Structures are given as C-alpha cells and as structure tokens.
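S.K.: Chains as they are written, first to last, in the numbering used here: chain A, 5 to 511; chain B, 27 to 395.
It should be emphasised that the hints constitute simulated quantities derived from the structure, not laboratory data.
Among these hints, one or two may not hold up.
Listed next, the in silico DSSO-like pairs over lysine-lysine satisfying Cα-Cα at most 27 Å (straight line) [said to hold, decoys possible]: (1) A/Lys281 with A/Lys353; (2) A/Lys422 with B/Lys198; (3) B/Lys82 with A/Lys353.
To spell it out: a stretch of chain B is covered by chain A in this simulated footprint if at least three of its residues, at any positions, have a beta carbon under 8 Å from a beta carbon of chain A; those stretches are [stated by the list, open to error]: (4) 104-112; (5) 120-129; (6) 145-155; (7) 200-212; (8) 224-232; (9) 360-373.
All values reported here derive from a predicted model rather than from experimental measurement.
Built from N, CA and C at the ideal position, the CB exists for glycine as well.
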Amino acid sequence: MNFPVWDVGFGLPLLIALVTIPHVMVAHFAIGGGLFLAIYGARARSTNDPAMLSFVRSHSRFFMLLTLVFGALTGVGIWFTIGLVSPAATSALIHTFVWFWATEWVMFFVEIAAAIVYYYGWDRLDATTHQRVIWLYFGAAWGSLAVINGIITFMLTSGTWVTDHNIWPAFFNVTYFPSLIFRTLLCLVMAGIFAILTAAFQNDDSLRSRINRIAILWTIPSIGLLVPTGYWYFSALPQSTKLIVSGGWTALKSAQHNLFTSAIGLSILVVLTMLTKNRNLNRVLSGFIILIGLNLFGSFEWYREAARKPYVISNYMYSNGMLVNDTTSIKEAGLFSSMLWKHSDQTMKGEDLFRAACQSCHSLSGYNGIAKMVAERGWTEEQLGQLVQRTGYFRGAMPPFVGTVEEANLIATYIATKANSLNATPESLTPKRIWDNNCGLCHTLDGSRPLRATLSGLSVADLQETILTVDQLSDAIPKFFGSDVDADKLASYLEAQISKREEGVSK
Amino acid sequence: MIDSLLIIPTFDPIPLPAPVWLLKGLLLLTLLLHLIAMNLLLGGAWTVFWCAIRSKYQPTSHNGRLFREMLAYLPTLTAMTVTLGVAPLLFVQVLYGHLVYTSSIAMGWFWWLVFPLVIIAYYSFYYLKFHQGGETAIKRWLPLLAALILLWISFILSNNFNLAQQPERFSKIILEDPSGWSLNLGDPTTFPRWLHMVIGAIAVCGIWVMWLGRIEHKKDVEYAMFKMEFGYKLFALPTMINILVGFIFMMSLPRNIMMRLMGKSMLETMLWLVGMGLAIWAIPVLKRATTEPQSSALPLGTILVGITICAMVLLRDMVRSAYQEGFYTLDMPKVDTMWGAIAMFFVTFVIGLWLLRWLVQTYLKGSKT
Chain A
5 MNFPVWDVGF
15 GLPLLIALVT
25 IPHVMVAHFA
35 IGGGLFLAIY
45 GARARSTNDP
55 AMLSFVRSHS
65 RFFMLLTLVF
75 GALTGVGIWF
85 TIGLVSPAAT
95 SALIHTFVWF
105 WATEWVMFFV
115 EIAAAIVYYY
125 GWDRLDATTH
135 QRVIWLYFGA
145 AWGSLAVING
155 IITFMLTSGT
165 WVTDHNIWPA
175 FFNVTYFPSL
185 IFRTLLCLVM
195 AGIFAILTAA
205 FQNDDSLRSR
215 INRIAILWTI
225 PSIGLLVPTG
235 YWYFSALPQS
245 TKLIVSGGWT
255 ALKSAQHNLF
265 TSAIGLSILV
275 VLTMLTKNRN
285 LNRVLSGFII
295 LIGLNLFGSF
305 EWYREAARKP
315 YVISNYMYSN
325 GMLVNDTTSI
335 KEAGLFSSML
345 WKHSDQTMKG
355 EDLFRAACQS
365 CHSLSGYNGI
375 AKMVAERGWT
385 EEQLGQLVQR
395 TGYFRGAMPP
405 FVGTVEEANL
415 IATYIATKAN
425 SLNATPESLT
435 PKRIWDNNCG
445 LCHTLDGSRP
455 LRATLSGLSV
465 ADLQETILTV
475 DQLSDAIPKF
485 FGSDVDADKL
495 ASYLEAQISK
505 REEGVSK
Chain B
27 MIDSLLIIPT
37 FDPIPLPAPV
47 WLLKGLLLLT
57 LLLHLIAMNL
67 LLGGAWTVFW
77 CAIRSKYQPT
87 SHNGRLFREM
97 LAYLPTLTAM
107 TVTLGVAPLL
117 FVQVLYGHLV
127 YTSSIAMGWF
137 WWLVFPLVII
147 AYYSFYYLKF
157 HQGGETAIKR
167 WLPLLAALIL
177 LWISFILSNN
187 FNLAQQPERF
197 SKIILEDPSG
207 WSLNLGDPTT
217 FPRWLHMVIG
227 AIAVCGIWVM
237 WLGRIEHKKD
247 VEYAMFKMEF
257 GYKLFALPTM
267 INILVGFIFM
277 MSLPRNIMMR
287 LMGKSMLETM
297 LWLVGMGLAI
307 WAIPVLKRAT
317 TEPQSSALPL
327 GTILVGITIC
337 AMVLLRDMVR
347 SAYQEGFYTL
357 DMPKVDTMWG
367 AIAMFFVTFV
377 IGLWLLRWLV
387 QTYLKGSKT
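Bound conformation, chain B alone (with noise of 0.2 Å):
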C-alpha cells in the first residue's frame, strides 16, 4: 500500500541562535561563494577532459597545453568547492535542517555515496596531476571519470535541495523504501533545474578559460587567442542554450509560483529579468574580448556574469520560500540570539580573512629568490 500522507518533521525545539537574517545572509554569501568554486570546478572537469581528448595527450598543442594548465587549478578548486560547501550546508541545516535531513535520508544512500566519489574525483585530480606525460589507458579515463563523478554529484545535491522544499514528496518515498535508494524523480523540475545549473558550470568555466587567456596574452599570443575563442565558446553556445532550458525550468514550477516570476511579484520577476539580461548581454562583451584581450570587455562580462548568478541565488532562494509558504517560514522558529558566541565567529572570520589574503598574496609573490 502506498502512503502519500503529508507528514512533515517539526522544527527544532531549540531557537535559533541568530537573527533569520544574519543566518540567511550568511547562507546565501557561502552558497554564492560555493556555487561559484563549483562552477569553476566542474565546468573545469569537463573543459579538462575535452581537452585531453581533443589533444590526445600531446603535451605540445593548445589543447594539451590547456589540459594540463586547467589540471593543476582542480585539486585546489575541489577543496575549495568543499571547503566552501561546508559553510550553506551549516547554515541550510539551521533554517532549514528539518527539511533537509528528511529528504536526506529520502535518498539516504546517493546523498552519502557523495564524499567517497568526491574522494576519488579528487585523487583522480592529484594522479593526474602528478603523472603527466605519456598517455596510459588510465590516464586516458581518469578525467572522464572525475567529471562523471562531480556531475552525479551536482544531479544529486540538487536533486536533495528539490526534494527538501517538496514535503509532500516525503512519505510517499521514505515509507515505500526506507533504504535510500531512491530519487526524486518523479518531479518535473528536477532535471531542468539541474540542467540549468550544469550548463551554468560550463558557461561560467568559459569565462575562467577566457581569464587565462588574458593572463598569457604578453607571452604566447597565439595560445592566448586559442584560449579566448574556446572560453567564449564554452560560454556563449550553454548560455543561449541554458536561456532555454530556463524558460523550461520556469515552466516546470508550480503554476503559483512561476506566476510569481512572471509578474505577481514584482522583486522576483525582475530578478529573473535582470539575471537573464545580463547574461545574454555579457555575450556580445565577451565576443568583443577574443578580439581586445586587454580591453575592458572581459571585466565587463565577468561582471555581468557575476550579477547574473547573485541574482539567480537569491532567486532561487525566493522560489525555496514559494514553496514552503504554506508549511513552513522562517518566523515560525523562536529566536534565542547568542551574541557572545557570534562576536566570537566574527572575529575569528576577520582574523581567518586576514591570514587568507596573507597566504595567497604570499604564495602569489614567491618569496624565493
């Protein structure tokens, strides 16, 4: 017998220990932050694996070259992507945990089987690394791998943060098979919504592409051009397709709120507006930049690229609350503020900051002579 009942988790007993929107605020910094490394780094993934098909490990062509120029970046960017994980998925459990672990265990198996793939895309990454030259049938499909691995990941995180905003989803999955093997699959918007993402990496890992070309501009203008036309490549052809798949994902939402992005509510529907525009703006930019490298175009496109995605968080965290409204908002949970413990964080995050900037600039300059 199946169950379809909407049971819903109560939220925690204990108040929250800041104000709703210094957690919020918190939260969608770190996402953005996140989301950004993970674009990096699966597009990254990809662009590397193509290369290296497109090179066949000749280490003396421009694919090869970027290949290996791109490799050296993916450890680095997957404990970054991590690292930076770590902090939303903090701040998504405090505002949201009751949610979040029910459809957690929902899928219990694939949402745990995320580290140890991520664990062999990252040594993936260092083997890679590390034996270059010569081309071995591992290292052949070591990057094919890695990508499929993070791109399974990207499918079930989001699959995950779909379900969590869908209670009704619950029973009918946890109840039928308690052993988490199962997916939310019967939604409509999961793959749109995951498709747009994705596509979203690889437009996004276009721009950082187009970034290295800049930089090697005054040494090699050759392999510089290649860069800028493959990073706006990689660019241009998934944003106009993923201006589609939007439109797609749009439609896939419940009527309420996709209406709601359609002119009811006038903050959200020029959100989606403007997160569009300037996406389809920063193409023509970026066209301009494979021809002036040095021009200000590429800065421009970055930046309209970078308000776009700030646009398409908070978009996405205001289409997470459309579909809560009617059982759960963030005035229901009482308010405790530990300030003491938040002066505490605060420092700390000043200090951490500093020690950041002092590391990077440290390992930028080089300070052996």
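Pulled out of the complex, with its shape left as it was, chain A reads as follows (with noise of 0.2 Å):
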C-alpha cells in the first residue's frame, strides 16, 4: 500500500524465483563444497595423493568460477530483486536485521576474500597455509549461512516478535536450529553433487570413479538425514502454519511431492553414476543431476514460502505489503483511500486496486494468473466480485480482502475485462470443477474446514437444498453460482463422494 508495485506482466513471484533458486542451490554448494575442498585436499597432502590433489585444484577452479561470481552476484541479485518485488517486508526486514546483515557482510567479505586468496594461492602458499585459508573460508561461509538462516526463519516463525520486538528471540526462533541443519545437510548434498559434475570430466577412470564414491558419502547420508531433520522442522511449525501445508492445497502438496521424488531420484543418479564406468553416460548423468539437485531445492525453497501464506513476515506483514494491524484502519477508510499510488483518472480505480491489492503475488496471464484462471473457469463477474470480498477464506491462505464492496467490483471488472480479452474456451463444467468453483476454494471434504461430517447422511435432494441456499449459512460464504442443473450434479458428486468413502470405512 505504501509502495508501488512493479508491473513486470508475467508475475512478480516468478521474478524472485528465478534469482533465488539458482542462487540458494550454488550458495549451499559454496559451503559444501568449500568443506569437501578442505578435507580432501588436506587428505590428498597428507597421504602424498597427487590426483586427488590435482582434481581438488581443478574442482576448486570451476568452485571459485561457480561460486564467486554467479553465486555472490546473483546473492546482490537476491538483493535487488526482493527490494524490487517487496519492498515493505525488505524496508521492515533490514530495519529489524541490519546488524545482522552487517555482521553476514563481514562474513561474506572474508568469504569472498579467502576464496581468492586460496584460488590464487595453489603455487604461492605453502600446503598448511593453504589449508588454513581453505577452512577459513569454510568458517566463514558456513557463518554467513547461520546468520541469514536466522532471518530467513524468521520471515516463518516469528514468534513475539510482533508485540514484544525482542530481536534475540526472534533470530534464534522455534524453526532456527531445524532449518540451520536441514541446510547445512543440503549444502553436504550439493558438495556431493558438483563434485561428480567435475568428476565427469577427468579424464583418469580410476580417478572418476574414486570421486564418485566419495560423492556417495555426501549425498546418500545426507539425504537420508534431511527426512528427520525436515520433520523436526515441519514439527516446529506453528499449528496455523501446518493447516496451510496439511490443508490439501493442491500446489503445496506437488512441491512436497517434487521434493521427495526429487530427494529419491538424486540418491538413485548418484548411485547409477558410481556404477557406470563410461565417461560420456557419466557426463549425461551429471547433467541429471545438477538438474534434479535445482528442483529440489526449488520444491524446497517454494514449500517454505508457500508455508509462510498469508504472510511475507508471519503475523506481521502480509504478502501484498499490509501490515496485519493496518487492516482495520483500511477496513475503516477504504482501501482506495489508504493507497498511496493511484491515478486522478477514475476508470482507473479498479487496475490500481488490484495492483496494490493482488499484484504482488498475481499476474493477469502469467505466472498466477488471475484473468487466465478465471477465463478457464468460467466465473462471471458477479461471481469474482463475491470472491474477492472472501480472498481470507481461501484454501491457499491469501490476505483478506480489506476494501468495500464497491472495491471488490472494481478489481472483479477489472480482472474480468482482461479475462474476456484472452478469448479462452472455458472448461466444462464438470461436477468436480463446479465443487472446485465454489466449495473447494475453501473447503476440502476431509482436511481444512472439512464438510465430511457436515454433509453426511444427507440425501441428494438435501444436498442440492443446501447448495442453493448455502449463503444464507453465514456471511462468509457466497451464494452457489450455478444453474439447478449445475447444483443437481454437484450434489450426487458430494453424495457419492461422501458414500464412497463410509463404504471403504465400513468394509
């Protein structure tokens, strides 16, 4: 609301995650692989290895080329761009944060310098200083990580923070530690998997194929520890933030699903890679498995900030900018009038309404697109209208609507001019798309504001009684938008849905 928000037309969301996932996958691997460098250069001295030494120097090339500029700059990026997309939860972060920032830069700084000093030190330092540099950068990367963990935990789990303001706590939150560890396991992880990428092009057989054991010591355990330590992690959750990721939101559950596939078949890769002795199936599947480690890490890192929904700083901001204790004073004047970017020309009310309110996490055609979805759907505008007004219901834990009645329309008419210029065939109207038109935006038959045991025993005829008058519940729920027809098939849908699963119960 206080700032403007930028119209990059396919989707704010898709902006940040296309800096941060490549950032976050190369910035756990600077760590990992600064502490495999580290160790195996030290045992390669130390038992007179020279090919190991020699692939420690050539992994530490392309390490300091991957790392120090694509990492470190698309880490500024990460900068860049989040001050772009949100700049109030950035504004509040760096206000609560700065020290610790400052602190992650001196970190960083002495990261940065270290990676060059060990780099260009390979034929000017003795092995013990080399060495020495090596773990320094390590102690120094891997503190740069415990610092903005803190932060980045803290956007989740932000504890009393918000009425207290008690800055220790709120750094050392409830998901702190578990985070801390399921990265540092991660960057073990990418360790292991850059190393085989390296691997892959030496061309010593025997010497590819010791790496690629070795690669095995750091991927396998790690991954089978990141199960625990991402339960410890789920579990520290607080229990309105687990109802979100539990709630059946379609899209949290296909992240949690590409993150296990993507955790299983890295482990599967890594072993095939160790047993193939071809250098050229060894390339390809190096190639897989870089690929695979970057959706897990974008299932991982889509899972935490989807976990985060409604808010971009729990309890205290949220994801379109407002902060929670605006909303009544928003409420209270309008949101037209608590916006600050706005234009004079009235025909213009509904698109800076729904900048403000909805464009921080949706595009109109692009990535979360509203016109496109409601376009596909087939919702008419009386129909948006409703919907926009109870954007706090919803299954995907968005913001609630804070606006008038009138607003709502405005941004419905709005969305829907857009949706008719894209000319889309709307789907047919099946009986599951009608529950998914109107009931299941809120409601899930067994997980989040369950209606199983609401609708039980009821006949189809009641059922389609209730469709029909389900606005008369309660404020919250807007009519059935449908025909007779359409409430006919959704309630021999709910009946055969409900009866189905007390057959299965009963048998």
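Both chains are given apart, each in its own frame, so use the hints to dock them into the complex.
M.R.: The following block contains the structure:
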C-alpha cells in the first residue's frame, strides 16, 4: 500500500524464483564445496596423493568461477529483486536485522577474500597455509549461512517479536536450528553432486570412480538425514502454518511430492553414476543430477515460501505488503483511500486496486494468472466480486480483502475485462469443476475446513437444497454460482464422494 | 492522463536500529570504499580496452603488457567493488529505503538487470584472463563489452540514486509506466552527475597506473616510465575536463542547492572548494612524479586526490540532504538502538579486519618455497 507495485507482466513471484533458486543452490554448494575442498585437499596432501590433489585443484577452479561470480552476484541479485518485489517487507527486515546483515557482510567479505587467496594461492602458499585459508573460507561461508538462516526463518516463524520486538528470540526462533541443520545437510549434498559434475570431466577413469564413490558418502547419508530433520523442521511450525501445509492445497502438495521425488531421484542417479564406468554416460548423468538438484531446491524453497502464506513476515505483514495491524484502519477508510499509488483518472480505479491488493502475487495471464484462471473457469464478474471479498477464507492462504464491496467489484470488473480479452474457452463444467469453483476454494472434505461430517447422511435432494441456499448459512459464504442443474450435479457428486468413503470405512 | 502528484511513501514504522550518526557514518565510509574500488574497476576496464586496441594484442608492446597486467586485477576488483557495494546498499536502505525502493521500482528492469550484467562483465574478465595469447574475435570484443556494461551500470546507479532524492518525479514515471522501463532522463542533473563520476573514475585509474609504474621502476625503467606517462595523461586530462563538468553539474542543480555551494552554506562551499582545489593541485604534483617516480610526488598526489574523493562523498551526501529538506530529514524516524546487535557486528568486524589483513599479508608474502 505504501510502495508502488512493479508490473512485470509475467508475475513477480516468478522473478523471485528465477533468481533465488539457482542462487540458493550455488550458495549451498559454496559452503559444502568449501568443506569438500578442505577435507580432500588435506587428505591428498597427507597421503601424498597427486591425482586427488590435482582433482581438488581443478575442482577449486570450477568452484571459484561458479560461487564467486554467479553465486555472489545472484546473492546481490536477491537484494535487488526483493527490494523491487516486496519493498515493504525488505524495509521491515532491514530495519530489524541490519546489524545481523552487516555481520553477515563481514563474513561474506572474508569468504570472498579467502576464496580468491585460496584459488590464487595454489602456487604461492605452502600446504599448511593453503589449508588454513580454505578452512577459514568454510568457517566464514557457514557463518554467513548461520546468520541469513535466522532472518529467513524469522519470516516463517516470527514468534513473539510482533508484540515485544525482542530481536534475539526473533533471530533464534523456533525453526532456526532445524532449518540450519537442514540447510547444512543440503550443503553436503551439493558438495557431493558438484564433485560428480567436475569428476565427469576428468580423463582418469580410476580417479573419476574414486570421486563418484566419495560423492556417495556426501550425498546419500545427508539425504537420509534430511528426512528426520525435515520432520523436526515441520514439527516446529505453528499450528496455523501446519494447517495450510496439510490443508490440501494442491500446489503445496505437488511441491512436497516434488521434494521427495527429487531426493529419491538424486539418490538413485548418484548410485548409478558410481556404477557406470563410461565417461560420456557419467557426464550425461551428472547433468541430470544437477538438474534434479535444482528441482530439489526449487521445491524446498517454494514449499517454505508457500508455508508462510498469507504472510511475507508471519503475523506482521501480509504478502501484499499490508501490515496486519493496519487492516482495521484500512477497512474503516477504504482500500482506495488508503492507497498511495493511484491515478486521478477514476476509470483506472479497478486497475489501481488490483495492483495494490493482488499484483504482488498474481499476474493477469502469466504466473498465478488470475485473468487466465477466471477465463478458464468461466467465472462471472459477479462471482469474482463475491470471491474477492472473501480471499481471506481461501485454502491457498491469501491475505484478507480489506476493501469495500464496491472496491471488490471494481477489481472483479478489471479482471473480468482482462479475462474476456484472452478469448479463452471455459473448461466444461464437470461436477468436480463445479465443486472447485464453489466450495473447493475454501473447503475440503477431510482436510482444512472439512465438510464430510457436516454433509454426511444428507440425501441428494437435501444436498441440492443446501447448495442453493448456502449463502444463508454465513456471511463468509457466497451464494452458489451455477444453475439448478449444476447444483444437482454437485449434490450427486458430493453424495457419491461421501458414501464412497463411508463404504470404504465400513468394509 | 499524466499524473504528477507528489507521492512519497512513509518511512518504515519500525524504528532505526542505531543512532543516525552511526548509520550515516557507516554509509559514508563504506560508500567511499566502494567508490574507490569502482573507480579502479570502471577506469581500469576502459584502460584495458584502450590498451587492447593500441597493442593489437601484441604481448611485447608496452600497451600489451599493461593490458595483461591490469586485466589480472579486474576480476578481483569486480569482487571488491561488488562486496564493498553491498554495505552502503544496506545502510542506504535503512536510512532512505522508502525513497530508494520507490525510485528502483520506477526503473524496475534497468535496476534489476544490473546484476546479470555484472555477471557477464565479471565472466568476461575471467575469460580474458584465462585465455591470453593470440587475438580472436571474441577477445577483440570482450574488453569493449565489459567496459560498456560497467559504464551502463554506473549510469543506472547514478540515475537511480538521483531519482531517489526527487520524489516529485516518482508519480509521473510510475503511474504512467508501471512496467519499469523508464529512466529519469528529464532531469538536467542526470548526465552531468553521471559524467562527473565516470570521468573521475578514469582519473583515479590514472593514479593506479602510475603506481604500477612506480612499483615496476627498478625492474624495467622504460616500461615503468611508459606507465608513469600514460597514467599521468589518464589523470590530468580527465581531471581538467571534470572541473568543467563539475561546474555544469553544479549549475544544473536546483538554484537553492546550487547557492549552498556558492557561499550560502559555508561547510558545503568549503568542501567544494577544497575538493576542486586539491584535484587541481594534484595535476602539477603528479606531473613531477612522471620525472621522479620514486619521489614523494606520487604519494602526495594520491593523498590529495584521496581527500578530494572524501570531500566529494561528503558533499554528495549534503546535496542529498538539501534535496530532501522539504519532505524528509533523518530526525523524523524513531530510533531504538540495538546495542547488543551492534556489539556483535563490531566484534565480527574487528575479527574480520584482522582475518582480511592476515589473508592479504599471507598472499603477498607467498609462503611457498
């Protein structure tokens, strides 16, 4: 509300993901890879193993070029991107954690300097000093993670900070340690898979096999330990967040599924790489391993961000930059009056409202494209207006809409106009689609806001009547959008779903 | 319909986590360090390009040798410039975030593209460094590409921080085009301000080249003298041009701000005069260094230019305050000092400095026998 919203067209969250996911992957490699270089450099030197030492040296060049340039610069890129995408949240975080970030900056500086001295030091420094430098590098890199981790987890679990503004419990919040260990394990996994990548380009077959065997030690146990650590991490989440996670939100479920399949896929490919002796096949497999690693990070980061919804800083600021504490005053004043960035041209009111309330997360027809969704689902402008008023009830955990009915309708008109211009053919109205378009936005049968118990035992006719008069039950529920035939289809669908499960239980 | 309302976001409701003097001091100190590294990098990139053209990649010519010598520093200088840039970016967001975020959003894509472009320039330097010997098409164009990228980035940064102090321009840019493909080009200070910085970078790079000559002096006198002469030319001519550009920049400032530099504010006028005066004084001093490379002329000239840069950093900050006088002063936000966190930073900072010193010493000493 305080800042303008940048209209990138394809969706701001996608821009964040584009920068964050590759950065986070490389940044974790920057830590784990540092440890790898330190350990195997020391081992090669103590056992007088020139082949291994030569691998460590060539790996260090790749390591330096990837982490120091791409890793460091995309890290700065995250600064740039979050300031553009979520300026209010970035401002709040910087005002709260500036000294932590400044501390992290010192570590980052030492890390960069140590990486440069280590790489250029191969021919200038004696073995002991060279090893000291890489250990120093690793310490600074991990320290940097330990600091940033506090800020990232704070966004997810801010604890009592919202009321007491006490910085230390905010930093060492309930997910701090599980996340730190989880991420440290990911660092080890990254060290292993990037070692496989550089080993694939070694001509010495026996050396490559050795590295692949070593890489297994770094990846498989770490992936195994990710499971209990992930469970610990999940257990530390507040109940409200767990509800979102377990609430049957399809996108979140698929991220969870992706996370597990990536971890399993990665493990299988790492073992396969060890078993194969063919260099070309090794290279192909190592490429796939890196891609799956990227998918693993993408799923994890997406899952973590989604679990934070509807907030960008839990219990303090919604994902559209609105402060939780401001909702009452905005409700009283009206959304448009509370907005800073608006045109004097009244015909643009709907667009201005959409931009302020929705566009931080939604595009029109790109990522999270709301006009596209409206066109595909065939929602009417009236239905959309009703839904906009009730965003706070959605299972996808959206911020509440704090504007007036008129403002919700203006947003609906704007989106509907854009949806019409897409000329999309609405999907056919199957019973499942009727459920998704009406009840399924907020309810599930068994997960969040479950309906099974309430609807169990009702006949199709009772269900149909309930559906057609559903808006009389509560102000939070809009009227049913569909014909009597649609209501009948939905009633039969619900009756079948409920009895199917009951039959299953009784059997 | 074009909107030109004055829209200024409010500053963050969370109090400043430290006294303003501390945040401002760290902002100016780290900005100074960033600017010095940036001067060497930007000036260095253009000098490397110049030497590449002049030498036609003949490694034995003086220009060819200087090309390789300076190129070797550029990746590390890029790392230093970026790393030293992160800290002032952090502190400027604490003190002026509500203005900087808004101006950044106004030029969204241009601002966002800064870091992918730096990545390209950075990899270009590494490519050139690791692929020496023999002229190829890619090696002919990469120095120019990298130098152009850095020049463009300097323009974007200058443009953004210039816009951040002029919120009266926000609404027109942002409401007219929220896609982030706008720049603050209508402002008369835009180009003089940027050019002042860029030309200064070339001049500072000239001093660096002279230092490279001084260090080389005992090994290869002829090559050293070439560097002293070339470095001096890089310093002297741009500095003279920059005095003129500086005047144009001053004249393009809003009248009330310009008058502050013309005597209305004694401190600002003094800083301006000292900065300009020392830069002019450095010209004959550095001229002397070309004939007496080992004399005190070069250190003295460097100190004079160093003081000029300090004065300009302070003056730049005062001009920003003057721009913001009517709508934002640093006594407006509340302050709630986090002494514990500040102590943590300073302890880490001292340890970090000690470690950096150890790293640099260790590397320079070279312990391998």
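S.K.: For the pair supplied as a hint, lysine 82 of chain B and lysine 353 of chain A, confirm whether the alpha-carbon distance does not exceed 27 Å.
M.R.: violated, 60 Å
S.K.: Under 8 Å between beta-carbons, do enough residues of the stretch 104-112 of chain B, three at least, approach chain A for the coverage claim to hold?
M.R.: With 5 residues in contact (Cβ-Cβ under 8 Å with chain A), the coverage given for the stretch 104-112 of chain B holds.
S.K.: Using C-beta distances, would you say chain A covers the stretch 360-373 of chain B, given that this needs three or more residues below 8 Å?
M.R.: Result for this restraint: holds, n = 7.
S.K.: Three residues or more, CB to CB closer than 8 Å: is that satisfied between the stretch 145-155 of chain B and chain A?
M.R.: holds (count 4)
S.K.: Taking 27 Å as the top limit, are the C-alpha atoms of lysine 281 of chain A and lysine 353 of chain A close enough?
M.R.: violated, 65 Å
S.K.: Cut-off 8 Å, C-beta pairs, minimum 3 residues; does the coverage of the stretch 120-129 of chain B by chain A stand?
M.R.: holds (count 6)
S.K.: At a Cβ distance under 8 Å, does chain A reach at least three residues of the stretch 200-212 of chain B?
M.R.: Held - the stretch 200-212 of chain B has 5 residues with a Cβ nearer than 8 Å to chain A, which meets the minimum of three.
S.K.: Count the residues of the stretch 224-232 of chain B whose CB lies closer than 8 Å to any CB of chain A, then report whether that count reaches three.
M.R.: Our answer is that it is violated, as 0 residues pass the Cβ test (under 8 Å) against chain A, missing three.
S.K.: Take a quick look at whether lysine 422 of chain A and lysine 198 of chain B sit within 27 Å of each other, Cα to Cα.
M.R.: Answer holds: lysine 422 of chain A to lysine 198 of chain B is near 24 Å, not above 27 Å.
The structure fails to meet hints 1, 3 and 8 from the earlier list, while all remaining hints are met.
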